[in-house]
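Protein chains in written order, with this note's numbering: chain P, 151 to 237; chain C, 7 to 303; chain Y, 107 to 618.
Incorrect hints may appear among the rest.
With a cut-off of at most 30 angstroms between alpha-carbon atoms, the simulated DSS-like pairs for lysine-lysine come out as follows [unchecked claim]:
hint : chain 1 : residue 1 : chain 2 : residue 2
1    : C       : LYS93     : C       : LYS148
2    : P       : LYS178    : P       : LYS214
3    : C       : LYS9      : Y       : LYS399
4    : Y       : LYS514    : Y       : LYS399
5    : P       : LYS234    : P       : LYS204
6    : Y       : LYS108    : P       : LYS204
7    : Y       : LYS514    : C       : LYS9
8    : P       : LYS204    : Y       : LYS591
9    : P       : LYS158    : C       : LYS93
10   : C       : LYS258    : C       : LYS216
11   : Y       : LYS565    : Y       : LYS243
12   : Y       : LYS591    : C       : LYS9
13   : C       : LYS93     : Y       : LYS514
14   : C       : LYS116    : P       : LYS234
15   : P       : LYS214    : C       : LYS148
16   : C       : LYS9      : Y       : LYS243
17   : Y       : LYS591    : P       : LYS178
Worth flagging that the hints you see were computed from the coordinates, not collected in a lab.
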Amino acid sequence: MKITKVAKAGTLESNDILIMVMPNESGKVELELESIVLQQFGDVIEQVILHKVKEMGVEGITIKAQDKGALDYTIGARVETAIKRAF
Amino acid sequence: MEKLRRSMLFMPGNNPGMLQDAAILGADSIILDLEDAVSLTEKDSARILVRDAIKTIDYSQVEVVVRVNPLDTEFGPQDVDMIARVKPDTLLIPKADEEEIKLVDTMLDKIEKEEGYLAGSIKIIALIETAIGLATVYDVIKASKRVVGVLLGGEDLTSDLGVSRTREGEEIFYARNKVATACRALKVDSIDTPFTDTNDYEGLAKDTAKAKSLGLTGKSSINPRQIEIIHSVFAPTEAELKHALRVLEVMKEAEKEGKGVCSLDGKMIDAPIIKRATRTVEQGAKLGLIRDEGGAT
Amino acid sequence: MKTILGRELPAYIEGYGEVTPFQGAFSDAEIKTRKAVKLTSVNPTDRKVLDNLEQVFDKLNIKDGMTISFHHHLRNGDHVLNRVVEGLAKRGIKDLTVAASSIFPIHEPLVEYMEKGVVTGLVANYISGPVAEAISKGKLKKPAIMQTHGGRARAIESGDLQIDVAFIAAPTADTYGNINGVYGDAACGTLGYAISDAEYADITVAITDHLVPFPACPIQISQVFVDYVVQVESIGDPAGIVSGTTKITKDPVALIIARRAAEVIKASGLVKDGMSFQTGAGGTSLAVAAELKDIMLREGVVGSFASGGVTGYLVEMLEQGLFKTLFDVQCFDLKAIDSYRNNETHQAMSASMYGNPHTKGAVVNCLDIMILGATEIDTQFNVNVTTGSNGMIMGGSGGHSDTAAGSKLSIVVTNLIKSRVPMIRNEITTITTPGESIDVVVTERGIAVNPRRMDLIEKLRMTNLPLVTIDELKIMAEKITGVPKAVQLLEKIVAVVEYRDGSVIDVVRAVD
Numbered sequence: 151m152k153i154t155k156v157a158k159a160g161t162l163e164s165n166d167i168l169i170m171v172m173p174n175e176s177g178k179v180e181l182e183l184e185s186i187v188l189q190q191f192g193d194v195i196e197q198v199i200l201h202k203v204k205e206m207g208v209e210g211i212t213i214k215a216q217d218k219g220a221l222d223y224t225i226g227a228r229v230e231t232a233i234k235r236a237f
Numbered sequence: 007m008e009k010l011r012r013s014m015l016f017m018p019g020n021n022p023g024m025l026q027d028a029a030i031l032g033a034d035s036i037i038l039d040l041e042d043a044v045s046l047t048e049k050d051s052a053r054i055l056v057r058d059a060i061k062t063i064d065y066s067q068v069e070v071v072v073r074v075n076p077l078d079t080e081f082g083p084q085d086v087d088m089i090a091r092v093k094p095d096t097l098l099i100p101k102a103d104e105e106e107i108k109l110v111d112t113m114l115d116k117i118e119k120e121e122g123y124l125a126g127s128i129k130i131i132a133l134i135e136t137a138i139g140l141a142t143v144y145d146v147i148k149a150s151k152r153v154v155g156v157l158l159g160g161e162d163l164t165s166d167l168g169v170s171r172t173r174e175g176e177e178i179f180y181a182r183n184k185v186a187t188a189c190r191a192l193k194v195d196s197i198d199t200p201f202t203d204t205n206d207y208e209g210l211a212k213d214t215a216k217a218k219s220l221g222l223t224g225k226s227s228i229n230p231r232q233i234e235i236i237h238s239v240f241a242p243t244e245a246e247l248k249h250a251l252r253v254l255e256v257m258k259e260a261e262k263e264g265k266g267v268c269s270l271d272g273k274m275i276d277a278p279i280i281k282r283a284t285r286t287v288e289q290g291a292k293l294g295l296i297r298d299e300g301g302a303t
Numbered sequence: 107m108k109t110i111l112g113r114e115l116p117a118y119i120e121g122y123g124e125v126t127p128f129q130g131a132f133s134d135a136e137i138k139t140r141k142a143v144k145l146t147s148v149n150p151t152d153r154k155v156l157d158n159l160e161q162v163f164d165k166l167n168i169k170d171g172m173t174i175s176f177h178h179h180l181r182n183g184d185h186v187l188n189r190v191v192e193g194l195a196k197r198g199i200k201d202l203t204v205a206a207s208s209i210f211p212i213h214e215p216l217v218e219y220m221e222k223g224v225v226t227g228l229v230a231n232y233i234s235g236p237v238a239e240a241i242s243k244g245k246l247k248k249p250a251i252m253q254t255h256g257g258r259a260r261a262i263e264s265g266d267l268q269i270d271v272a273f274i275a276a277p278t279a280d281t282y283g284n285i286n287g288v289y290g291d292a293a294c295g296t297l298g299y300a301i302s303d304a305e306y307a308d309i310t311v312a313i314t315d316h317l318v319p320f321p322a323c324p325i326q327i328s329q330v331f332v333d334y335v336v337q338v339e340s341i342g343d344p345a346g347i348v349s350g351t352t353k354i355t356k357d358p359v360a361l362i363i364a365r366r367a368a369e370v371i372k373a374s375g376l377v378k379d380g381m382s383f384q385t386g387a388g389g390t391s392l393a394v395a396a397e398l399k400d401i402m403l404r405e406g407v408v409g410s411f412a413s414g415g416v417t418g419y420l421v422e423m424l425e426q427g428l429f430k431t432l433f434d435v436q437c438f439d440l441k442a443i444d445s446y447r448n449n450e451t452h453q454a455m456s457a458s459m460y461g462n463p464h465t466k467g468a469v470v471n472c473l474d475i476m477i478l479g480a481t482e483i484d485t486q487f488n489v490n491v492t493t494g495s496n497g498m499i500m501g502g503s504g505g506h507s508d509t510a511a512g513s514k515l516s517i518v519v520t521n522l523i524k525s526r527v528p529m530i531r532n533e534i535t536t537i538t539t540p541g542e543s544i545d546v547v548v549t550e551r552g553i554a555v556n557p558r559r560m561d562l563i564e565k566l567r568m569t570n571l572p573l574v575t576i577d578e579l580k581i582m583a584e585k586i587t588g589v590p591k592a593v594q595l596l597e598k599i600v601a602v603v604e605y606r607d608g609s610v611i612d613v614v615r616a617v618d
């Protein structure tokens, strides 16, 4: 499935994550991640985002994420919202 | 013993930091709000966040209530559909009237069946905040077996009635009375409207005491710092507890001796008094105010 | 070699010297000596007042490699440290060791001097801001030495920290060197952290913007310790010195933590006439003080003293008669300064009297209840207040280790989770205060008591408080956040963390 436009969800508030998604040409899933806890949880955050994208069956998508210490449930929710807004 | 419902704390549904801490703020029930606390452009975001929060966060210590959007908006039905499937304890239905409650009841029947949940397990609290809702509150409660309580929405109600909302609350006197009566008649909880000045603790205590004195069983809150005062108002006082324990003691003795009636301090103890005493002692026990030997702490 | 807590330490650290590993809070029991001080007598015809800083530098003949010291009573409004280092740098002096009791963001110019080799060593009890970041990144040639407030006084008095010139920022000084901190535009109240410097440095210079005719009144540092006096335009910015009044937090979670901490204190049985209490100046700590105040008022308890850095809140408690006296090592706000100036039951204490373990008894030894913070805690109750969860230096013990060691009941109040990072770990980045000194950890989700304190556990079991083990707290946190990966640090040692007695309790390594 492909998204058709740019969309975002979430905020830069503490414990939240700002997710911006846009369609790309490469057809792959590309992720740019910034996080205040990159060293401690960077791997986990990446996994959660990519897992949600896969679960929703989306390809050809570039994701920019700015994390302020969001828990996994928040990350998944914001990614889902952004993608739904981008269809 | 059911959970207590002395306090119900409103939490904005689109705020992850608050959703995470909601269960430890001390309130008996938390209301994850998808309605007034969420802007129109973020309704979808909040819905998904609250859904995932309910799935993940340990809310076992509190009653999880979700205030959905009114059913006649584009958001309401979507809220019910998505949220009910993750089994919150209760849905808070805004602008509740008989029709609205019946509608939600039917929706929940369907969803519970589809998801394999026990029929009737998701409860409803009706938010009475319109003139019609208030005028028909008895029927609103009766509209569904799921209704376990009524929450009085003072701000919207007074707006609908075209009157000012004041600190003293005279304008909602009738509403409080009527709600308390209908709820008592149908044996459900009645929750008072929030006290909106979060810096005025004295006013909060007075307002809560007023609600209690009119028969309401709990109060909603918009700020965690209000919870303690609300609980202290709704807790039985030491004197009330002691008296209640004595009543039950005297009653037990009378039963042992085969006596039909008994009296305490010159007053006959009849069924209503025993009932109130039992309720008081039960509440005291829930709050840990009674030592094992049966004396008040 | 290992410390008694299991930390691996090298036997020798380049730029520091031989390492004596930490062996316990009260392991060092031998006879101590105070060092003998050399000084040049001042005769009746000598004059101490010099015209400007340049003259001071001319007279002092400061050489490469010397140690100069400063106090931090002007906090983030201090001008003196920067002025002095700048002046010395201009003269081509290099390799200085700056012994400042604390470093704040205003000392940012030091970074450049560190990079240029003007300043190659730093000794401090608390380091924050750009200087802390620069040290963590390895820009200081020698490892910084991080001490406690009491430990610094010990080091100065024993000779372990040899100060060549002490530059004392003096809100008021007279022409013969008497100093006080209660008058002048840059009034800061007590001068607890300057006392040992004045008494033991080879040379002491008073730098003031409020020079008064002899004699000044009151006298907090005596003329007999001061060699020179110089007036400058401004020693500090009042806005950065004091914060108006410090405020109690409104954060509901912090208030819950504070309430729980107060209940622990109540259950401990220490709330009674003659009790003593100290807390930090943060929002949550003040909230605990507020709760304790309510309990004391309700029960009609009159305490003996409250101590530490003093805020207006403690002053109110003194004025309400809740404590007989205050022991003040530094004033945090204007109300505290006014109180110290006017109320004789508001007493000063030097850093040495406050927490030096090698005296005939510091105030911390007399303290009943202490409220502390933390950046990390491990399952042995060891506490980190030196580095943040990303490994960067962001503070230091200050009085943390001193008060934890001396007090009867030391309580760490903290959120269980901060920005997804759990507070409780198996191993923490830096050990500042050893677990043997920490009695209770209070979070919003549970309270853990050090197993050494069975007496406390018994008392708390009789309350409704949510008692758990420290391991349970850790698991609770990780269930919510996931298990964090350890932060990767480089090999290079950028700071040595000294315990109160001068032994090394841990080292800080460079961040990537």
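Now for the hints, and whether the structure bears them out:
As the CA atoms of LYS93(C) and LYS148(C) are separated by approximately 22 angstroms, the hinted pair is consistent with the 30 angstroms bound. At most 30 angstroms may separate the alpha-carbon atoms for a hinted pair to count; LYS178(P) and LYS214(P) meet this at roughly 14 angstroms. Among the hinted pairs, LYS9(C) with LYS399(Y) is inconsistent with the structure: their alpha-carbon atoms are about 33 angstroms apart, more than 30 angstroms. Taking the CA atoms of LYS514(Y) and LYS399(Y), the gap is about 19 angstroms. The hint holds against a cut of 30 angstroms.
Taken as a hint, the LYS234(P) and LYS204(P) pair is honoured in the structure, with Cα atoms around 14 angstroms apart against an allowance of 30 angstroms. Using a Cα cut-off of 30 angstroms, the hinted pair LYS108(Y) and LYS204(P) is violated, with the two alpha carbons roughly 49 angstroms apart. Annotation: proposed proximity of LYS514(Y) to LYS9(C) is violated, straight-line Cα distance about 40 angstroms (limit 30 angstroms). Restraint check for LYS204(P) and LYS591(Y): the C-alpha separation of about 25 angstroms stays at or below 30 angstroms, so the hint holds.
Only pairs whose Cα atoms come within 30 angstroms are accepted, and LYS158(P) paired with LYS93(C) is accepted, the gap being roughly 28 angstroms. With a C-alpha separation of about 34 angstroms, the suggested pairing of LYS258(C) with LYS216(C) is violated against the 30 angstroms cut-off. At most 30 angstroms may separate the alpha-carbon atoms for a hinted pair to count; LYS565(Y) and LYS243(Y) exceed this at roughly 46 angstroms. At most 30 angstroms may separate the alpha-carbon atoms for a hinted pair to count; LYS591(Y) and LYS9(C) exceed this at roughly 39 angstroms.
Simply put, LYS93(C) and LYS514(Y) have alpha-carbon atoms about 49 angstroms apart, too far for the 30 angstroms limit, and the pair is violated. For the hint pairing LYS116(C) with LYS234(P), the CA-to-CA distance comes to about 25 angstroms; that is within 30 angstroms, so the pair holds. Distance hint between LYS214(P) and LYS148(C) is unfulfilled; the C-alpha atoms sit about 51 angstroms from each other, more than 30 angstroms. Distance check on the hinted pair: LYS9(C) and LYS243(Y) sit about 54 angstroms apart at the alpha-carbon level, beyond 30 angstroms; violated.
Taking the CA atoms of LYS591(Y) and LYS178(P), the gap is near 28 angstroms; set against the 30 angstroms cutoff, the hint holds.
Hints 3, 6, 7, 10, 11, 12, 13, 15 and 16, counting from the list given before, are not met by this structure.
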